[in-house]
Amino acid sequence: MIVLAFLAQTLRIAIPYLFAASGGVISERSGLIGLGLEGYMLGGAFCGAVASYYSGSPWVGLLGAVAGGAALALLYALTAIRFRADQVVVGIAVNLLVTGATRFFLRLAFHSSANSPRVPGFGAEQSGTGLASLARNPLIWLGILAIAVMAWLLYRTPYGLRVRAAGEHPEAALSVGVPVDRVRYVAAALSGMLAALGGAYLALDQHQFSAEMTAGRGFIALAATIFGRWDPFRAALACLFFAAAETLQIQLQGAQVIPSQFVEMIPYALTIVALAGVVGRAVPPAALGKATE
Amino acid sequence: RPSGSAQAAAGTGSDRGVNVGLVLDIGGLGDKSFNDGAYRGAVRAEKELGAHIRLIEPGEESDRESGLRLLAAQHMDLVIGVGFIFTDDVTQLAKEYPNINFAVVDYAIATDKAGNPIPPPPNVAALKFKEEEGSFLVGALAALVSRSKKVGFVGGMDVPLIQKFEAGYKAGVRSVCPNCTVISQYAGVTPIAFRNPGKGKELALSQYQQGVDVIYHASGSTGLGVFEAARQTGKYAIGVDADQYSEAPGRVLTSMVKGVDVAVFDMVKRVRDKTFSGGIYTYGLAQNGVGYVYDEHNRALIPDSVRARVEQLKGEIIAGKIPVPSTR
Amino acid sequence: MSSVESSASAPIAIRLSDIYKSFGPVNANRGASIQVARGEIHALVGENGAGKSTLMRILGGMYAPDAGKMEVNGRDVTGWTTAEAIDAGVGMVHQHFMLVPTLTVAENMMLGREPTSRGQLDSARVAREVTELSKRTGLAVHPQRKVADLSVGEAQRVEILKTLYRGAKILILDEPTAVLSPPEIDELWRVLRGMRERGETIVLITHKLDEVMEISDTITVMRHGQTIAQLTTTETTPAAIAKAMVGRDVQLATHYGETSSRSLELPSASLLEVRDLVVDGPRRASAVDGVGFSIAPGEILGIAGVEGNGQTELLEALAGLRPVRSGSTSVAGRDITALSVKSRGDAGLSHIPEDRHARGLVLDYTIAENLILGQQHRFTTGVRLDNDAIIDNARRQIDAFDIRPAVPSVPARALSGGNQQKIVIAREMSRGFQVLLAAQPTRGVDVGAIEFIHARLRETRNAGKAILLVSADLAEVLALSDRIAVMYGGKFAAVLNRRDASEEVLGPYMTGAEHAA
Amino acid sequence: MRRTVEEALLPALVALLVAAVVGDVLILSFGQSPGSVYRLLIDGTWGNAYGFGQVLYKTTTLTFTGLAVAIGLRAGLFNIGAESQLAAGGFLAGLAGLMLPMGLPALATLPIYIVAAAAGGAIVGGIPGVLKARFGAHEVITTIMLNFIVLALLNYLTAAHLKVEGTLHTAEIHAGALPRLSSMIGAFRGSAANVVLFLALITAAAVAWFLFRTRRGFELRATGLQPAAAEYGGVNVGGVWWRTMALSGALAGIGGLNYVLGYKHYYEESFASGAGFLGIAVAIVGRNNPIGVVVAAFVFATMSQGGLAVNAVVPKQIVDVLQAVVIIAVAASVPEVRRLARARSAA
Ligand SMILES: Nc1ncnc2c1ncn2[C@@H]1O[C@H](COP(=O)(O)OP(=O)(O)OP(=O)(O)O)[C@@H](O)[C@H]1O
Ligand SMILES: Nc1ncnc2c1ncn2[C@@H]1O[C@H](COP(=O)(O)OP(=O)(O)OP(=O)(O)O)[C@@H](O)[C@H]1O
Ligand SMILES: [Mg+2]
Ligand SMILES: [Mg+2]
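Protein chains in written order, with the working numbering: chain A, 8 to 300; chain B, 17 to 344; chain C, 615 to 1131; chain D, 681 to 1027.
Derived by calculation from the structure, the hints in this document are not laboratory data.
Yeah, the Cβ is synthetic: ideal placement off N, Cα and C, and Gly gets one too.
Heads up, a few of these hints could be off.
Claimed, not checked - Computed beta-carbon distance windows for the label pairs:
no.: 1; chain 1: C; residue 1: A1077; chain 2: D; residue 2: R814; range: 39 to 47 Å
no.: 2; chain 1: B; residue 1: V322; chain 2: A; residue 2: I9; range: 29 to 37 Å
no.: 3; chain 1: D; residue 1: I882; chain 2: A; residue 2: I151; range: 51 to 59 Å
no.: 4; chain 1: D; residue 1: H841; chain 2: B; residue 2: E112; range: 26 to 34 Å
no.: 5; chain 1: D; residue 1: R719; chain 2: C; residue 2: F637; range: 43 to 51 Å
no.: 6; chain 1: D; residue 1: E1016; chain 2: C; residue 2: R732; range: 39 to 47 Å
no.: 7; chain 1: A; residue 1: L85; chain 2: D; residue 2: A700; range: 14 to 22 Å
no.: 8; chain 1: D; residue 1: R814; chain 2: C; residue 2: G1121; range: 44 to 52 Å
All chains, please: the whole structure from these sequences, using the hints.
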C-alpha cells in the first residue's frame, strides 16, 4: 500500500521529466544543446492551457501545447542552424523569452500575471490517488510511451541513425547525402513538442496555467539527459530516480530528516558527479553545440 | 518642491479623487488570493470613492523600493505595499515623504532589544491581520468535519507569516479534538514556493493518501494544486485569503477569508475622509477582518451542530476567553 | 589549358569545365577543368593547397561550384548534392575519414540510404550484403564492430566498401595511401584494378609520383587552383610531372648540401638524449613504443616514415604536449622529462609544430603577438607585457624572414600559408635554444619559401645546435639530415648514416618489411 | 579598423530594430500607443535624477556579472553561474559585515568586503573550473547545476541560521556602510546608486588592462581562441581554465556588494535573481569587451528600470520579452555580420 502510493507519486512526478528528457535526448543526440527545454515546457504549459480553455477540450489543449513547443524549438533551431548563433546564448534567451511572454499574454488574455482561469484537463474528479487513477490520465501513458518511442526512433529507424550521425560527425553524414540541417530541425521540433507535452501535463493536471509553473523542471530533465548519458532508457531511469528523491522528500517532510534544500540539490549534484566521471564518463555527442559549415 | 502631494493629502474637496498607488507582492495580479484581495479593495474604492488606482508589479528585489518611490514621486495620496516584504522599504520611505500616506499589508512589527514593539512611522498604517484567529476557526471546523480524525496543512514558503496560519489552525484542531493528527507541510523555502501548484498537488495527494480528509492551505498559487487534489480524491480542502469556493465547487469546505480588500478600501476611505492616521490597525475576528465562509455554497457541507460549535468558539475568541497562539 | 586529349575512344565519365570555387578570400579553384574517360584510373596531382580536394568535393556534391560546368556520363550535373551524386554512382573516399566513430561498420555503411523493413532499419540485410560485398572485393570487415575500434587500414577499407555498397561506378579517392602500410597499399591497388576491369572509373589524388606511375592511366596536374596539364602516364616521367606541379625545373635527385660525415657512434656530448620513450596516442596505446636516440651538437637527425607511425606522438611528447608513459628525455644534460612546456623552452628546446593552424599560431592574434607566443614571459615587465619590445621584436623578425605583409598589427589569419609558416619558423629560430624539433617545416609552403626554410635549418645546424626533423617528404629528410631514422609502428626500424641512405634503402624499413636494431 | 567598428555596431543596431518592432506589436496589442510608452520609459529612466540613479545602480550589478561572463568567454568558457556567484559574493560580504565591529569607517571595511565577496564568487566559480580542468566536465552544465545547489545552500544557511524573524534578510550591518551617490550629488536622493558604481568602472578598466596588457591576459585570450596553440605556447590550459572561472566568479561575487553593502546593508534572500542571466546578455551585446560591457549594462539597466516606469500602463513583462529578443537578435546577427564583412573584404 505504502509502496504503491510511493510508486504512484514517483510516476506522477516523473511524467513531465520523462517527456522533457526524451526531448532532451533527441535534441542533444542531433547536436543541438537542450538548454531551452525549460522554455519549451513552460510554453507548452501555457499554450496547452489556453488552447484547452478556448476549445473546451484538453485534447485540443495538447495540440496547442505541441504547436507552441515546436514553434519555440524551431525558433531556437533557426537561430542556431541558419544563423549559427551560439546555442548556449539562444537557449537561455528562449527561457527568458517564454517566462516574460507567458506572463504578458496571461495579462493580455486573462488580466492576471499569475494564473489562468480553470481550463478543461485530464485529471478526473474523484479518481483517487492510487495507480488506478493514474491509468485514467492519457498523459501518463503518453509519457511512458515517449521514452519507448524515442528509443525505437533513435536506434531502430533510418531517421534515428541520421540523428546519431548528425550529432557525432555531421560532415560524415553530409558526405553520404544526409541533410544534416533538416535532421536537426526535425529533432529540435520533436524535442520542443515532447517538452511541451511535459508542460501540458502540468497545466492540464492542474486545470490551469500558473506563471513559472515548471519551476526548473526543464533543467532537471536536462540533468537526466546527461545523467542518462544521452540514452532514452538510462535518461528515463534518471528521471525516475530524481522523482523518487522528490517523493521521498514529500513523504519524509514531516519527519524533518534532512532539510528540504538538500533534497532539492540531489539531481543537480548527481549531474555534476556524472560529468566529473565518477560513475562512468559522460561523453557528449562530439558535435554537440557546433554549427555545420 | 513636491507641494502637490501635500495639497492632495490636505485635500480641497472630494471632486478630486484620491490617488492610490498599489505595489503588489511577488505573486502578482491574479494569484486568486492575497494580491487579488488587495486589488479588489482598490477597484471597489475606485468605483465607490472615485479613487484613481496605479498598479505596479515589481520584478527583482531592488524594484520593490523603486516601485514605491515612483508612486511617491507621482504625488500619490496613499501608497500601499502589499506584503510583509515591503515593511523595511516603506518604513524608510515614509520618513522621506512625510506628506504621503503609506500602508503595508501584513506589516512586520519589529521589536527593540527589550522586546517591545517598535511602532511604525506616523504616516504609515500597519495592517495586521489575526490570521491565527481565522485559522483557528477553520481548524476547529476541519476537525469537527473530519471522519478520519486526520487533517492536513499545506504552507507556501516556510516563513513566520505562514507559520501563523499553521499555529492557529493546529490550535483550532486541538481545541475540539485533542487526539486528532495534523500533518503540516511546506512547499519550499523560497518565494517560488507560492507559485508551484504541481508541488502543492503532490503534497496534498500524499496527505490524502495517508488518510487526511481535510487540508487547509496557505500557499498562494501553490494551493491551487491542493484544490486539484481535493477534486481528484473527493476529499475536502479549505481556502485561504479569499473565498476560494469556485476552485473546487463542492470540495471546498470553507475558506479562511482575510479582509485585505476591506482593509485596503478602509485605508482609501480614511484618506479621502482625511481621517487617516498612522499606527497599527488590527483586523481580527472582532473587527470582521478575518473570518470563515459560511454561505449557500458550503452550507450543505457543514452540519448545523458544527456551525454552532464554531460560532461559539468565535464568540469566545472575540471575548478573549481563548488565547490563540501565533507561533508554532 | 588542357593539352592532351585522352587517347582512347572510351566515353567520357567525368567532365568538369572551368570550375571556380572560393572560400572567403581563398580561391581554391580558379578555372579548373578535368576530363576522365570511363574505365580508367586517373591520377590528380598537385602541391598542397593546389585545390585538388576542393575540385573533387565539388564533383562529389559536397560543394557547389561558384562557376563552371559539371558533366557526369554526359549529363549536366552542375551543383548537384551529395545525395544526387551518390544516386548517380559517384562515391568519394575523403582525405579525412568520413566515418562516424560511435556507429558500427554496418550503420556507417547504410547511413544516408538506409534499407528498411516495416519502417525499421533492416540491419540484418545490411550485414548480409556487406559480408557478400566484402567477399567479392576481398576487403575484409566486421559489420558489427564499432568504427572507433578500427585501425586506420580497416577504416580505409570501410570507406571504400561504403562507396561500393552504394553502387559507386565512379570512385574518387583522396590521398588514400598516406596512412596505409605497403601490404595495405597493394591490396588497394588490387581492388582498384579489379574495378577498372569491370569498367568502373577511378580518380586518385596522391602526392606520391611512384604511385601515379604504377597505377594510373592518365594524369591531371593542378597548381594554384588551376589544372595546368593533362598527361598520359605511359608517355610521361616523374620529372615531367614534378615540373608541371611546381612550375619550374626541380631536381628530383635532391642536392644534399654539404652533408656531414659524422659516424654513427653516439657522440660523447649529445644535446638531445632520449631513452626508452613510451607514449600513448589517441588511437592506440604505445604509439611510441620504446624509442631511444641522441643528437649531437651540429647534427640533424631526420625521421622518415609513413604518417601515423608515432612521429606526431614522439614530437609532442618531447615538446611536453603529451604525457609519456615511461622513458626519459634530457636537453644539454638536463633531465626535462617532468618539465612543463614553458620550462622546456627555457631549458633550450624549440619546436616547429606540424600543424600551424591548430598549434603553431593563434590565427586571430597579430603577427607581432604570434611572434612571441611561447616566449610571452620574456616580453614582460612585472605583470605587464612590454609592447615596445614586442613591436621591436616583430619588426626585426619580419625583416629577417621576409614576412609579408610587413605590418606587425595584421592578424595571422590574413596571411598566406607560406607567410604563416615563416612566422612560426622566425619565432622558433630566434629564441635562445639548443635543440630544435622541426615537424613538417615546409608543409604547404611554396618552393621559394622551402629553399629559404631549408637554408635556415642548415645554418642552425652549422651553428652547433641539434635538430630533430620529422617530415613526410622523404626527399626533404634526405636533403637535410646527417642521420636518418625510420619510424615504423612506434619504433625506430632503422637508424642510418646519411651516406648509407637512399629512397631504395629506406623504403623497405618504412613499410615494415625490414627491421634493424 | 572600420570593419571592426561595423562588426561591433551592426548587430546592436539589428537587435534594436527587431526589439523595436516586437515592442511596438506588444504595446499595441495591449491597446497602448508605443510612442507614449517609450516616452514614459525614457522619462522614468534618463528623464529624472532618481530614475537615472536607479539605472546607474542596476548598471553596477550588471557590469560585474557582464564582466564575469565576458572574461570567461574570452578564455573560451561559458559561465552560466554568475547568478549564484553573485549571491555567494553578497552572502560572504554580508557575513563579513555582520562580524566586523560597528562603526568601522568605510575606508577600512571596503577592502575586507571586496575580498569576502570575491572569495564567495571565486569558490562557486572555481569549482566548475576545476571540474573542467581536471575531468573535462562541461562548465555550461556544471555552472547551471551549481546555481541550483548554491542558491539552495544559501537559502538554507539564511533561513536556518541568519534570518531576522519576520523577514527574509539577515540583521542589519553596522560596520562601515558604503556611501550612496546621493551623499555626494543631492539630486540622486533616494536612488540606490552607490560608490560600488565606481568600483565597477574601475574593475572594467582593470579587466581591460588585464586582458589586453598583461601576460596572463595574453595567455587567457590565446586559450580562448585556440587552446591547442596556447598549450603549445607554454600555457597551462587547465590552469587558465580554473583560474579564469575563479576570477569570473570573483567578479560576479563583487557585484554582490552593490545590493548588500551599497544599498540594503543586509543580505537578503534571492537578491541576485535575474542579474546573473542578464550578465550573459550584457557580455554578448558588449562583445566581451569591458567597455562594451559597461555600455551594454547601462542599456539593459535602462530597460529594466524602464519596465518599472511603464508598469502602470503596460505589463513590465514586455521588457523581459524585449531583453530576450535583443539577446537572440545579437546572437543570431553576430556570425552573419562577420561572414558578410569577410566576404566583402574578399571582393
Ligand atoms: N572548407 C574550406 N574553407 C576554407 N578554405 C578552404 C576550405 N577547403 C579548402 N580550403 C582552402 O582552399 C585551398 C585548396 O585546398 P584543397 O584542400 O583543395 O587543396 P589540396 O590540393 O587538396 O591540398 P592537400 O594536398 O594539402 O590536400 C587551400 O588554401 C585551403 O586552405
Ligand atoms: N582570412 C583571410 N583574411 C584576409 N586575407 C586572407 C585570408 N586568408 C588568406 N588571405 C589572403 O589571400 C591570399 C592567398 O592566400 P593563399 O594561402 O592561397 O596564398 P599562397 O598563394 O598559397 O601563398 P604562399 O605561397 O605564401 O602560401 C594571401 O595573400 C592572403 O593575404
Ligand atoms: Mg587535399
Ligand atoms: Mg599556400
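Against the structure, the hints:
{"no.": "1", "hint": "C:A1077 x D:R814: 39 to 47 Å", "in the structure": "43 Å, holds"}
{"no.": "2", "hint": "B:V322 x A:I9: 29 to 37 Å", "in the structure": "32 Å, holds"}
{"no.": "3", "hint": "D:I882 x A:I151: 51 to 59 Å", "in the structure": "57 Å, holds"}
{"no.": "4", "hint": "D:H841 x B:E112: 26 to 34 Å", "in the structure": "33 Å, holds"}
{"no.": "5", "hint": "D:R719 x C:F637: 43 to 51 Å", "in the structure": "49 Å, holds"}
{"no.": "6", "hint": "D:E1016 x C:R732: 39 to 47 Å", "in the structure": "44 Å, holds"}
{"no.": "7", "hint": "A:L85 x D:A700: 14 to 22 Å", "in the structure": "21 Å, holds"}
{"no.": "8", "hint": "D:R814 x C:G1121: 44 to 52 Å", "in the structure": "46 Å, holds"}
Of the numbered hints given earlier, the model fails none.
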